[in-house]
Structure formats: structure tokens, C-alpha cells
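Student: Sequence:
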Amino acid sequence: MSAALGAAGLGHAQVGPDYETPTSIVTGRYKGGTLRAVRPLDSVPAGKWWTVFEDPELDRLQEEALQHSETLKGAVARYDQARAQSRLAKADFLPTFSGSPEVNYLVTSENQASAFPLEGFRYDGGSYRTPFDFNWELDLWGKIRRENEAAAAESAAAGNAMQHALLSLHAEVAMTYFQLRARDAEIAAVVKAVDLRREAVRIAAAQVNAGTTTDLVKAQSESELEVALSEQAALEDQRNQLINALAILTGAQPAAFALKKRSGGPTRLPSIPAGLPSDLLERRPDIAEAERRLAAVTAQVGVAEAAAYPSVKLTGLVGYDAGDVELLLDPLSFFTTIGPQVTIPIFSGGRNKANKNRAIATHAEILADYRQTILVSFGEVENSLASLRLINNQLTHLRRARASSGRAAELALASYRAGSGLYLEVIQADRSVLEIDRSIALLEGQQLTNTVALIKALGGGWDIDTPLVLPAIEIDPDSLQPGPVLRAEPIDYEEISTTRGVVWRWLFKRKRTN
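Numbering (this note's numbering), first residue to last: 686 to 1199.
Take the hints with a grain of salt, since some may be wrong.
Said to hold, decoys possible - 30 Å max Cα-Cα, derived DSS-like pairs, lysine-lysine:
| id | residue 1 | residue 2 |
| --- | --- | --- |
| 1 | K877 | K946 |
| 2 | K877 | K945 |
| 3 | K733 | K945 |
| 4 | K758 | K945 |
Unchecked claim - Simulated restraints, written as ranges between beta carbons of each label pair:
| id | residue 1 | residue 2 | range |
| --- | --- | --- | --- |
| 5 | S853 | L901 | 49 to 57 Å |
| 6 | G1024 | N789 | 38 to 46 Å |
| 7 | G1008 | S799 | 53 to 61 Å |
These are calculated hints, taken from the structure and not from any lab test.
The beta-carbon is built from N, C-alpha and C at its ideal position, and this holds for glycine as well.
Please build the complete structure, drawing on both the sequences and the hints.
Tutor: Shown next, in the form of C-alpha cells:
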């Protein structure tokens, strides 16, 4: 309907530049694959990418975060605000009607200014009016159309920002979870060392009592035990902080949130393809958001330019006016005023030109931000790929070192028990084993978190052919006041009417359910 009513302006000029997606300044190759020029491809949803790790506990935490994260609820609310603003912009295509009935008791002045002598005449009685206002601005220069372009693009950008918040939330949950499991593996290694050192203290005490060793050896073994216990306490503190971080991410009270310790990572570490196509990077929601913001500010240049042109409004005022309610609907009580209202900007002190220059400068800023976002995204992918490659090399060498240090520790302990070795050799071998075990645990955790970082940098994984649909997001599940529950649910791709027929790539539609 708005398009039909706005047809009066569609046949006229539309000032300002038409938007065209800029070509990316980034071309060439990943260090691991060929690239094309970047274009937003966020119409492909990321889906449940975390399931590639095959960890049921992680799956459960992700669902909890999806349902209860306050950060995500705020992003959805901002998206709803942008959609409402877009609908407000569409309303400008339509005329406005308003009525304001009046019932007054009117007493006029005998001495009021008048073109003829009143000679004591005055009005003392009721006044009844039923005026109706009509106002419709003709979109002669495309100002309203440009405003709608900008509002639609901003709304799409808010939707992409929401998707970016969702992707960031899931990535943060996964990274924190894997950091927690890395701490669990470290704690398990330290606990094993504590048990071994307690055994060493017991052996040293028995040997002192038997007179086969000195108090120095016993003191050294007790010192090593206390150091290991201190390291265990420090790791437990770090674990508690990670537990609290997971609680906040999933919208739970930290005091009521707990996860059992479990050493080792997920049952399956996903393999990364040797070459990653640029289509994966193109679906990043932050790139799409930056591109839509660029489209919005491009339209705002046209809005600023249209302010320098005359505007035409069709206005009208009709109704009935009478001093007696019984005469209110009498044909003689009818009044009307209808006609165009033309506003011609004659002198504005340079405001219109300054506004246009500001819009052009804003466009240049957002264009730079868009290209910077692309550069950053390429850098993030490169960093993640390089880190994963180097971590794999480190783990290979450390695991070989662990086998050798474990064998050395066994030989040193056997030699000491036989009385032919020194306890210092046992201490050094045991320290080496513990350090390597902790390093392996940390690197395995980094391997997992860097894999998540790569998935996030690619916009949600590398499997672009089989995207999964995002489940419903509960926005206000347990309101303190009774009322309907608000949900944001995914819908099919929706085409928004702008000058370019922009596809709003991945939207949420809010509906009320009882």
C-alpha cells in the first residue's frame, strides 16, 4: 500500500548516489588456499558448528547460553528496535489523518480587536468543533525513499549485529569450556605429582628412621610436596574463575553453577581442510553488518542532498463548527481548507551544504571501516591457521619428550630405591615430567580454543554446503510479571523493498505465544 501511495514520488528524480557494493581491497590467496574478492554471504547460517567436537557437555552449555544469555537478549532487542525504526520510515510514504473534536464554553471579549464596531456584542455559550487534519508529503526528490533505504539497511545491519553477537557468544562459551578442560588436565597432572611426592616423603621418612639417608633428603621431598600442593591450589582458583565465567555466559547464577572435573579434551578434534574457500569468510556477520551500514550512509547522502530542494505537502482541514450541538452536523456548519504547501529553501546559512558534506565524510569513514573489517577478518584466519599448524608441531615434540622424561623418571626412582642414585635426580626427573604434562595440557587447550577462533573467523565453520537452522531463542522465559512470552524465531530469507531489492539475509521474526 505504501508503494502505491508513494507512486506520486516514484516518477520523479531521486537525488543522491545509488548504492553499489564496493570492491574489496583484499585479493590473492590465503597461505592455505585461493581467494576471490570478498562479498557478504551471510545468508548462509552458521548452524550448530560446535557439534563437530562431539562433546555432549559442550552441546548442553551452548543450548543454555542460547536460551538464557542476557547479552544475546540485548542484541535481539536492539534488532527489534531497528526493525521498528524501519517500519516508522515506511510510514512516511502514507498520508496522515487526525481528528481532534473540541467542546468548549466560549466567552468573547467586548473590547477585542475587530474590523467593525462590536457595540457591546459578545458571544457567551458553547462551541463545538470536529476538525480533521490531512497531511501528505510528496516524495518529489526521493528524500523519503532514501530515508527508507537507510532505515532498511540499518535494520539489516542490526540483524547482522545480532548474528555476530550470537556467533561470539557460542565461540566464547566453547573457548571458556576448553580452557576449563585444559585446567582440569593440568590439575590431574599436578594431583598425580602430589601423590608421587607424598610417596617420596613417606619413603624418605622411613629411610631416615632406618638410618639409610639424611634429614636433608626428607626436607627436600617435603618441600617438593608443598610446592606441588601450592600449584594445585592456584589451578583450582583458575578453574573456579572459568566456572564463574561459564555461568555468566549461560545466564546462570555462579553460586549454583558447577561442572565436574574431566581431564582430556573432546572425543574428536575436527580436521581442517587444506584449502578454505573465500565463501566461508564472506558469510561473517560483522562483514555483512559493515556493508549494510555503508549502504545506509550512502542513502543518507541523498537525504542530505534532498534537503536543498523544495518540498511539497498536501494539507487539508475539514470538519464542522457550531455554537449549538444540535447544529453541529448541519451542512451550514461545514468548513474546509485544502491546498498544497510548498517549502522553498532560500537561505539556510550553509546548513544544507554542511549536512551534505558531513554525510559524504561519514560515508568515507564507514567505507574505511568496511575495508578494515575485511582486512581484520583475513588476519584472524591467517593467525588461527598459523597457530594451529605450530601447535601441532609443538605437541608432536612435547609428546616425544614426555615419553623420554617418563622413562628417565622411572629409572631415577628405581636407582634411588636401590640406593645407587641421588634423590636430587628423582626430583629433577619428576619436575621435568610435571612441566611437560602441564605444557601438553595447555597446548591441547590452545589447540581447541584456536580451532574455535578459526571457526568464528570463518563466520561459523568450514562446512558451507550443509548449514543448520538456528533453534528458537527464548527472550523472556521467566518474567516477574505474568504475561505472554516473547520469542525470536528464525524465518526464511525475506526480501526488503529498497532500490536494489536487497535480500535481508538472516532475520528473526518476533511473535507472541501464550
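Student: Look at each hint and say if it fits the structure.
Tutor: Hint-by-hint comparison with the structure:
A distance of roughly 15 Å separates the Cα atoms of K877 and K946; the hinted pair therefore holds under the 30 Å criterion. Restraint check for K877 and K945: the C-alpha separation of about 18 Å stays at or below 30 Å, so the hint holds. As the CA atoms of K733 and K945 are separated by approximately 24 Å, the hinted pair is consistent with the 30 Å bound. Annotation: proposed proximity of K758 to K945 holds, straight-line Cα distance about 28 Å (limit 30 Å).
Under the hint 49 to 57 Å, the C-beta atoms of S853 and L901, about 55 Å apart, fit the expected range. A hinted range of 38 to 46 Å for the beta carbons of G1024 and N789 is inconsistent with their spacing of about 27 Å. Checked against the hint of 53 to 61 Å, the pair G1008 and S799 fails, with Cβ atoms roughly 18 Å apart.
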